[in-house]
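J.: Residue numbers (our numbering): 1 to 224.
Quick caveat, the hints were computed from the structure, so don't treat them as lab data.
Each hint should be verified, as a subset may be incorrect.
[To be verified] Pairs of lysine-lysine residues, derived as PhoX-like cross-links and limited to a Cα-Cα distance of at most 20 Å, are as follows:
(1) K176 - K208
(2) K14 - K28
(3) K191 - K176
(4) K208 - K6
(5) K208 - K14
(6) K13 - K208
(7) K6 - K110
(8) K146 - K28
(9) K28 - K13
(10) K110 - K28
[Said to hold, decoys possible] Label pairs and their in silico Cβ distance ranges:
(11) D102 - A124: 15 to 21 Å
(12) R101 - F221: 16 to 22 Å
(13) R211 - G165: 23 to 29 Å
(14) E192 - F47: 41 to 47 Å
What you are looking at is a predicted structure, and each value in this text was computed from that prediction instead of being measured.
Think of the CB as a built atom: it goes at the ideal place given N, C-alpha and C, for glycine as much as any other residue.
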Amino acid sequence: MIRRAKHLYDAAKKIVVEHDGNFPSDEKALRRLPGVGPSTAAEIRAFSFGHDVPMIDTNIRRILARVFFRPRSEGTRSEKNTRSNLEELIPKVRPCIFLPRDKELFLFAKSLIPKGRGRAWNYAMLDLGATLCTARNHSSRCPLMKLHGKVGEFRYKKPQKKFAGSNRFYRGRIIKTLTNHSNATPSQLSKELELPLAAVRDVLRGLKRERLVLFLHGRVFLPM
1 MIRRAKHLYD
11 AAKKIVVEHD
21 GNFPSDEKAL
31 RRLPGVGPST
41 AAEIRAFSFG
51 HDVPMIDTNI
61 RRILARVFFR
71 PRSEGTRSEK
81 NTRSNLEELI
91 PKVRPCIFLP
101 RDKELFLFAK
111 SLIPKGRGRA
121 WNYAMLDLGA
131 TLCTARNHSS
141 RCPLMKLHGK
151 VGEFRYKKPQ
161 KKFAGSNRFY
171 RGRIIKTLTN
181 HSNATPSQLS
191 KELELPLAAV
201 RDVLRGLKRE
211 RLVLFLHGRV
221 FLPM
């Protein structure tokens with residue numbers, strides 16, 4: 001929560017100083033704002049500026065997976081033919097039985113957006129995924145039923161790194177410790193976290209780069 005608030009504050013300052021208070025619409029400029037990654041940049045460009053770019057969220061990812069990236073053994077003959085026709089219309093579609101990474105999925109989805117209809121396309125996909133083409137209790141009224149056929153519950157989980165003992169884990173522990181005790185030395189944090197001093201200093205360097213902690217006279221503080 002502290003990290004997001006800090007990013008929001010720093011992004012607002014950056015927009016005022018570097019863009020005269022005008023929110024940038026260029027992808028590179030957006031990506032330079034603190035806390036803005038590829039997904040957030042796409043959302044801003046699509047919904048705020050009407051650019052023809054897709055946002056890749058759970059709903060849109062699920063729809064694309066069902067229609068374009070199902071195993072070829074699934075579905076009826078007519079459904080397979082329909083998908084085959086789509087592949088002829090959209091050459092970028094390739095037969096596969098796995099869901100591409102979001103970077104690849106973004107490029108594919110972008111090719112599907114009608115020119116000048118980026119905002120409407122994203123809204124339509126989000127509404128469809130939230131109401132008819134849902135993960136569970138899929139509706140027979142889904143307009144894409146003829147394309148993807150009968151579907152079961154959709155589950156998608158990105159590979160997660162082990163959290164306990166990870167860099168993110170100790171970043172959170174340090175922030176929590178500083179919140180409770182106002183400030184501390186790296187040695188005190190090492191003892192509190194039961195982590196070697198060298199490892200603590202490494203985590204602190206990362207927090208300092210992101211301006212989430214300050215150093216003063218050998219002690220570590222949270223920014224005011």
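J.: Confirm or reject each hint.
T.: Consistency of the hints with the structure:
1. K176 - K208: Distance of about 15 Å is within 20 Å: holds.
2. K14 - K28: Roughly 14 Å between the alpha carbons, so the hint for K14 and K28 holds.
3. K191 - K176: Given pair K191, K176 holds - Cα atoms ~15 Å apart, limit 20 Å.
4. K208 - K6: Measuring from Cα to Cα gives roughly 12 Å; hence the hint holds.
5. K208 - K14: holds (18 Å)
6. K13 - K208: holds (18 Å)
7. K6 - K110: violated (32 Å)
8. K146 - K28: violated (39 Å)
9. K28 - K13: With Cα atoms ~17 Å apart, K28 and K13 stay inside 20 Å; holds.
10. K110 - K28: Holds, at roughly 17 Å.
11. D102 - A124: 15 to 21 Å: holds (20 Å)
12. R101 - F221: 16 to 22 Å: For R101 and F221 the Cβ distance comes to about 39 Å; the hint is violated.
13. R211 - G165: 23 to 29 Å: For R211 and G165 the Cβ distance comes to about 25 Å; the hint holds.
14. E192 - F47: 41 to 47 Å: Holds - the Cβ-Cβ distance for E192 and F47, about 43 Å, lies within 41 to 47 Å.
In terms of the numbered hints stated before, the structure departs from hints 7, 8 and 12, listed from lowest to highest.
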